[in-house]
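Protein chains: 2
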Amino acid sequence: MQKYLLTIIVGLGLTASGVYLLVAKPVAAAQTEQSSVVFNADGTMQLPTGFRKWVFVGAPLTPNGLNNGKAGFPEYHHVYIEQKNVDAYLKTGEFPEGTVIVKELTRVLDPTFPDGSRKEPSGRGYFNGEYNGIDLTIKDRKRFAQTNGWGFFTFGHHPLPYDKTAAEKPVSECAGCHIANVSATDMTWIQFYPLLRDKKGY
Amino acid sequence: MQKYLLTIIVGLGLTASGVYLLVAKPVAAAQTEQSSVVFNADGTMQLPTGFRKWVFVGAPLTPNGLNNGKAGFPEYHHVYIEQKNVDAYLKTGEFPEGTVIVKELTRVLDPTFPDGSRKEPSGRGYFNGEYNGIDLTIKDRKRFAQTNGWGFFTFGHHPLPYDKTAAEKPVSECAGCHIANVSATDMTWIQFYPLLRDKKGY
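Heads up: the sequence lines are chains A and B, in that order.
Those letters in the first sequence? Residues 2 to 203, by the working numbering.
Those letters in the second sequence? Residues 2 to 203, by the working numbering.
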């Protein structure tokens, strides 16, 4: 009888685990962490969508032409944050748990000068070429406790289509530079984003 | 008797005019033209608000350092359009009547090279400095029939605070360049805005 009871208990346990796995994959981070990115059961992240209508905060530009043809981030960096998290930052000076920051790269449009610039009716300068990749960071103090509470992901530095999933990047590739340079501003380059830096509102 | 009647009629007319002026100033364009800018009774436009949470479409950059110290638009041009109008453009290829396009300028952040660039951990390039002005265009085929259906306004090319109202700019200062270069794309520099040009969605 004890043997049968054990079998039943183990069986129930396995069934419950199976149901849990079915329900838990994928897990929408929005449900627990106030963000809209989706983690898979193995901890990788799904390619985010919809971020081009989030709030734009700044456009650093590091052209290949000014970086020996090998910019670390080629070339425009368009940085987006969901409005609810920008609102919270403007109000409190802190990003809420679950905040996602997306950096989408675009190349510069058809350079005609060695520095990557070209001439247009508005003047000589730089203009957005094709989409060229996504880097993303998400604030989760527990999950990413080892890297000051933020996890870093990249979906490739290349034209569309982007990678469909991404694993957390090693400290040496992303978090390390943020830790070294912007620990004091919650791992974020606030100094490059007028909306967050100058606090003049929308 | 006829004299009294005339006095009464004129009096009623003046009263009605007075009521009309009170009601009509300012007129929210949103009510009739699907936009969020506000015209004053004299045809000038009020400084728009809230545009930094509209959809960002591109960031041309014409640094003073690459334009003999005198860029026509110093220096980053951040271009924003309300989501409903981006949605319509992506669906139909046309901007609806009342579409507003805001171009906010920022200077480049503290240049250290003659071309206006500086070095940061992400590489040598350009980063957003202080806010430096707003140009705006609105589509209204009747009101701006003389300039291909779009009116052009500027609230100054200078740091905050921006001008509080703006009159329509003469053809020679804004519309002329759009007519000469982008008549075929509804007066808009679609070629510089990946979201509108490449039609990959959000």
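Hints were generated in silico from the structure; no laboratory data involved.
Treat each hint with caution, since some may be false.
[As the list claims (entries may be wrong)] Derived SDA-like pairs: lysine to any residue, alpha-carbon spacing no greater than 25 Å straight-line:
no., chain 1, residue 1, chain 2, residue 2
1, B, Lys120, A, Asp141
2, A, Lys201, B, Thr50
3, A, Lys71, B, Asp88
4, B, Lys120, A, Cys178
[Claimed, not checked] Far from chain A, by Cβ distances over 12 Å, these chain B residues were calculated:
no., residue
5, Val39
6, Lys92
7, Thr93
8, Glu98
9, Glu121
10, Ala146
11, Gly202
[As the list claims (entries may be wrong)] Here are the in silico distance ranges between beta carbons for each label pair:
no., chain 1, residue 1, chain 2, residue 2, range
12, A, Gly44, B, Pro122, 24 to 34 Å
13, A, Ile180, B, Lys143, 32 to 42 Å
14, A, Asn41, B, Thr93, 20 to 30 Å
15, B, Lys200, A, Pro115, 51 to 61 Å
16, B, Thr113, A, Thr186, 17 to 27 Å
17, A, Leu161, B, Lys143, 36 to 46 Å
18, B, Ala181, A, Phe114, 22 to 32 Å
19, B, Pro171, A, Ser173, 41 to 51 Å
20, B, Asp199, A, Ala168, 20 to 30 Å
21, B, Gly202, A, Gly202, 52 to 62 Å
22, B, Asn41, A, Arg142, 46 to 56 Å
Ideal placement from N, C-alpha and C gives every residue a C-beta, glycine not left out.
The hints, checked one at a time:
1. B:Lys120 - A:Asp141: violated, 30 Å
2. A:Lys201 - B:Thr50: Roughly 11 Å separates the two Cα atoms, so the pair holds.
3. A:Lys71 - B:Asp88: violated, 36 Å
4. B:Lys120 - A:Cys178: holds, 15 Å
5. Val39: Val39 of chain B clear of chain A: closest Cβ-Cβ about 16 Å, beyond 12 Å.
6. Lys92: Holds: least Cβ distance 15 Å, greater than 12 Å.
7. Thr93: holds, 18 Å
8. Glu98: holds, 22 Å
9. Glu121: violated, 8 Å
10. Ala146: holds, 23 Å
11. Gly202: Check fails; 8 Å does not lie beyond 12 Å.
12. A:Gly44 - B:Pro122: 24 to 34 Å: holds, 27 Å
13. A:Ile180 - B:Lys143: 32 to 42 Å: Cβ of Ile180 of chain A to Cβ of Lys143 of chain B: about 58 Å, so the range 32 to 42 Å is violated.
14. A:Asn41 - B:Thr93: 20 to 30 Å: violated, 37 Å
15. B:Lys200 - A:Pro115: 51 to 61 Å: violated, 32 Å
16. B:Thr113 - A:Thr186: 17 to 27 Å: With a Cβ separation near 21 Å, Thr113 of chain B and Thr186 of chain A satisfy 17 to 27 Å, so the hint holds.
17. A:Leu161 - B:Lys143: 36 to 46 Å: holds, 40 Å
18. B:Ala181 - A:Phe114: 22 to 32 Å: This hint holds: roughly 23 Å between Cβ atoms.
19. B:Pro171 - A:Ser173: 41 to 51 Å: violated, 57 Å
20. B:Asp199 - A:Ala168: 20 to 30 Å: holds, 28 Å
21. B:Gly202 - A:Gly202: 52 to 62 Å: violated, 29 Å
22. B:Asn41 - A:Arg142: 46 to 56 Å: holds, 50 Å
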